[in-house]
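**Q** Residue numbers (this note's numbering): 1 to 227.
Quick caveat, the hints were computed from the structure, so don't treat them as lab data.
Do not rely on the hints blindly, as some may be mistaken.
Simulated pairs of lysine to any residue, SDA-like, Cα-Cα distance not exceeding 20 Å [as the list claims (entries may be wrong)]: (1) K215 / L204; (2) K183 / N126; (3) K188 / A160; (4) K166 / M150; (5) K71 / L41; (6) K5 / K71; (7) K80 / G18; (8) K82 / E59; (9) K5 / K188.
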Amino acid sequence: MIGGKRALVCGYGDVGKGCAFALRGAGARVLITEIDPINALQACMEGFQVVTMEDCVHEIDIFTSATGNFKIITLEHMKKMKNNAIVCNIGHFDNEIDMEDLEQFPGMTVENIKPQVDRFVFPKGNGVIVLASGRLVNLGCATGHPSFVMSCSFTNQVLAQLDLLKNWKETKAYKNDVYLLPKHLDEKVALLHLPALGAHLTTLSQEQADYIGVKVNGPFKNDTYRY
């Protein structure tokens, strides 16, 4: 049961935000660690307490690392955790949690509770429960990304390939470089998926479009707009 538990999310980027709101939605009391003052301010303004790992490690029930960095949750942190604290990673590789030092700690024993759930027991008898061996928990302990999300992702890729082909045949505008997907294609991906959700868009009049400086059919935002 997550309700009432104290959960710490390390990192308040796009993934960390999703984790924080999901945990809060399940009834957890959520805290955040952050290095970036802007992300930290966002967390505060959305009702989360921003702390350091060292200040709260001994009282947290669920640890989630979502940073894209390494050694976020260290062996020293895990030695100080509550008995049976749950530790997982949804950031990137399994080095967000210092699994190497944990597994090699002298006298460490491992109890497999069920697939992808292991209890690492320190010589003193206290232990931490590590999900998915420190690898991506959404892939190891769940079924990964929903099919609807993958549909959006694959549509992005197909439209990008078609745009590259069109550029190669017609305009030759692209150089050998990395580009963001053009905004009008991003909007097309969203537009193609709205019917599946029963959504109906409002249409601008020409006067309204002129007033805000866009075309009636988009793009509706500039390339630097952050949704």
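**Q** Taking the hints in turn, state whether each one holds.
**A** Comparing the hints with the structure gives:
no., hint, result
1, K215 / L204, "holds, 9 Å"
2, K183 / N126, "violated, 52 Å"
3, K188 / A160, "holds, 11 Å"
4, K166 / M150, "violated, 24 Å"
5, K71 / L41, "violated, 24 Å"
6, K5 / K71, "violated, 24 Å"
7, K80 / G18, "violated, 27 Å"
8, K82 / E59, "holds, 6 Å"
9, K5 / K188, "violated, 41 Å"
Consistency with the previously given hints fails for numbers 2, 4, 5, 6, 7 and 9, ordered from lowest to highest.
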